[in-house]
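Colleague: Spelled out from the first residue to the last, the chains are:
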Amino acid sequence: MGQWRVRARRVPALLFALAALAVGAAACGSSSSNGNTTGSDASASPFTVVIDTGTTGPYAANGTDAAQGVQAAANVLNQTQGGILGHKVKVDVLDNQGNPSTAAMLLEQRLASGPKPDVIVPGSISTEGVVEVPIAAAAKILSIGTPNASSLDDPAKYPYNFLMAPDASLPQESLMAYFKAHHYTKAAMIYSTDAYGASVGASAITAAKQSGITLATATYEDTDLNMTAELQKLQATHPQVLYVQGFGPPPGIILQDLYALGWKVPTIGDLTTASTPVIWQDASKPQEKGLLIQELQVAVRSGSEPVALQNYIKAMEKFGPITSPLPTTSYEYDALMLVAQAAKQANSIATPALASALEHLKQPASPPWVTLSRYVFTPANHAPAAALSNWVVVPVSPLTNGQYDGE
Amino acid sequence: MTTVWAGLSVGGVYALVALGYNIVYIGSGTLNFAHANLMMLGVFLAYWGLVQLSWKIVPVLVVAVAIVALASMTEERFAIRPVRHIQGQLVTMVGTATLITGIIEIVWGQQALTVPSFFSDTPHHVLGGAVLPGDLVVIALAVVLTAAIALVSRFSMVGLAALSVSEDRDAAQLRGISTRRMQVGVFALAGAIAGLLGPFLGPLTFASYTLPASLAVIGFVALAIGGYGSIVATTAAAFAIGLIQQYTSRYIGADYENLMVFAILIIVLMALPNGLAGARRERVV
Chain A
371 MGQWRVRARR VPALLFALAA LAVGAAACGS SSSNGNTTGS DASASPFTVV IDTGTTGPYA
431 ANGTDAAQGV QAAANVLNQT QGGILGHKVK VDVLDNQGNP STAAMLLEQR LASGPKPDVI
491 VPGSISTEGV VEVPIAAAAK ILSIGTPNAS SLDDPAKYPY NFLMAPDASL PQESLMAYFK
551 AHHYTKAAMI YSTDAYGASV GASAITAAKQ SGITLATATY EDTDLNMTAE LQKLQATHPQ
611 VLYVQGFGPP PGIILQDLYA LGWKVPTIGD LTTASTPVIW QDASKPQEKG LLIQELQVAV
671 RSGSEPVALQ NYIKAMEKFG PITSPLPTTS YEYDALMLVA QAAKQANSIA TPALASALEH
731 LKQPASPPWV TLSRYVFTPA NHAPAAALSN WVVVPVSPLT NGQYDGE
Chain B
10 MTTVWAGLSV GGVYALVALG YNIVYIGSGT LNFAHANLMM LGVFLAYWGL VQLSWKIVPV
70 LVVAVAIVAL ASMTEERFAI RPVRHIQGQL VTMVGTATLI TGIIEIVWGQ QALTVPSFFS
130 DTPHHVLGGA VLPGDLVVIA LAVVLTAAIA LVSRFSMVGL AALSVSEDRD AAQLRGISTR
190 RMQVGVFALA GAIAGLLGPF LGPLTFASYT LPASLAVIGF VALAIGGYGS IVATTAAAFA
250 IGLIQQYTSR YIGADYENLM VFAILIIVLM ALPNGLAGAR RERVV
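From first to last, the protein sequence lines stand for chains A and B. 371 is the number of the first residue of the first sequence in the working numbering; add one for each residue after it. 10 is the number of the first residue of the second sequence in the working numbering; add one for each residue after it.
For reference, chain A alone in the conformation it holds in the complex:
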């Protein structure tokens, strides 16, 4: 009986404790999966970011860069802001070995087995994105990353998917503005027949038409070992400037053959050429003397880098020396920074709130992102609009911390 009385006295205390816990939990407003509530709590569950990309296999370089960009952002957010709304950011990397089928399988397995992630970075290339975005959409998880395919920019179908790379035509429009500023009216372009090269070529042709610039074009196969004939064809049109698109050996072969031909024409390499190691490694060679490259401003040293850029470079240096131009990792870095900013704006990490905040993103005074000066998403367009001034044309030089000299 005495024991019963003691237990009876403890019941109200127990109820009080439970009520206090419930109120506390409600006040914190955190959730253990997918962050479907608002507010912050330092002791809350982590904010989980899953990146499903090929860190081994044929696209290992892209995948590793993408994963490092995301991890660098997570590290900076955890160190400078304590994570996202008090949730420490945790990055899970799924290595799909560059195989889209494996990518889909790994993501399905991850969603079925572990706690629901808050954000999915759907790989680094379009073949990964087209299989991963539908899976993220079905699970109602925010996805954001560089995979760029027109089918992915469909807010009606994928309301929670956002693309980091701006429309592929913008760099070409920026280049045509550069041509006009330099009074070039006749230009020539040589580009690869692969899918990316063809899309850059088509964008450049359209942009040239719109700008009133005459553009002669020639294409090459990626397996070509000599481009002399293609260059002679372009030389015969007497252009004032030559625009080169390509990645891997082709840009090097083009410059070599240009040099052998003795054709001295202002030459500008496109964004992929600027990302080609043989180009910046051989910057001092006579074949590349005078070569210009088009790059994003972030990859060009200004001498007075903003704090956000300094933080990013420091975070990337922790993975080792930065040997590629910064944009190979900076879009992924920005992806997480944008999500953090959206969470702050919405005061929530719930997927619909994050998506809505991204669609109406307010530009902070000192943006934490580094690649584009401003990202503008709208409810109708989840690929960012960007100013043409984000791209610049600078002389090629050896890279320092992923940046060209810019002088």
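It cannot be assumed that every hint is accurate.
Claimed, not checked - In the DSS-like style, the derived pairs of lysine-lysine whose C-alpha atoms are separated by at most 30 Å in a straight line are: (1) Lys655/A to Lys550/A; (2) Lys458/A to Lys486/A; (3) Lys659/A to Lys65/B; (4) Lys527/A to Lys714/A; (5) Lys732/A to Lys460/A; (6) Lys655/A to Lys65/B.
FYI, nobody ran anything at the bench for these hints, they're computed from the structure.
Fit chain B to the known structure of chain A by using the hints.
Modeller: Only chain B this time, still in chain A's reference frame:
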């Protein structure tokens, strides 16, 4: 003339690939699908020696010759010899090619690398056309090596023995020729030449794991047009292909250069099923 030099330079590279195919084919009857990958290995070894180790050209050549010859002999020992049927060899050769590419990707990564030229970088005007010394060297190497191998195969005992193996392996064996030794020998020779060529081809092609895609297919087309085992005709076909590619690119478009090459291949094979200089054999009907 500049277009001609460019075509001859590319054709010279194809001729050197096809020469490797022919050497192995003549001495063993095998079409070594991994030969383009062995040539790629030679190019990467040139990069390793000249850039990473800062060696002089002679030790680089010695090491590249030794390593690629050894790799080729290893392929013969483990991927060719134990496999009797051509279907099986096809699989093991493709496996060897994949293995070589995989090892190269692990060791040197996937980015293209610059192999320095040990000739002058300054273009010269020869017969009215601009050409780099490195291109002239490749053209000369293709001609000289073709002539040397053709002479050896026609006028030396070893060469005649190799030809007899390619004609009739069993009959050659009955005449006391060690077909196994012959097979090992031709794989070693083809590998050694692939290693030797690395420092010469690298400055033109760059060291890239995609290089076999540039070499293998057109190398085989040259072989098919010239005729399997016909060294001189194959080299002539390779030079012709280089010229056709360059002129097609210049006057029609790069999209059509390989279409043109394969159209010519079909026409040649329809008229001459054994290639331009392939052996014609009688058969009982």
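Colleague: Taking the hints in turn, state whether each one holds.
Modeller: Evaluated hints:
For the proposed pair Lys655/A and Lys550/A, the alpha carbon gap of about 29 Å is at most 30 Å, so the pair holds. With a CA separation close to 15 Å, the supplied pair Lys458/A and Lys486/A stays within the 30 Å bound. With a CA separation close to 26 Å, the supplied pair Lys659/A and Lys65/B stays within the 30 Å bound. For a cut-off of 30 Å, the pair hint linking Lys527/A to Lys714/A stands: about 26 Å separates their Cα positions.
Proximity of Lys732/A to Lys460/A is assessed by CA-CA distance (about 25 Å); at most 30 Å being required, the pair is judged to hold. About 20 Å separates the Cα atoms of Lys655/A and Lys65/B, which keeps this hinted pair within 30 Å; it holds.
Of the numbered hints given earlier, the model fails none.
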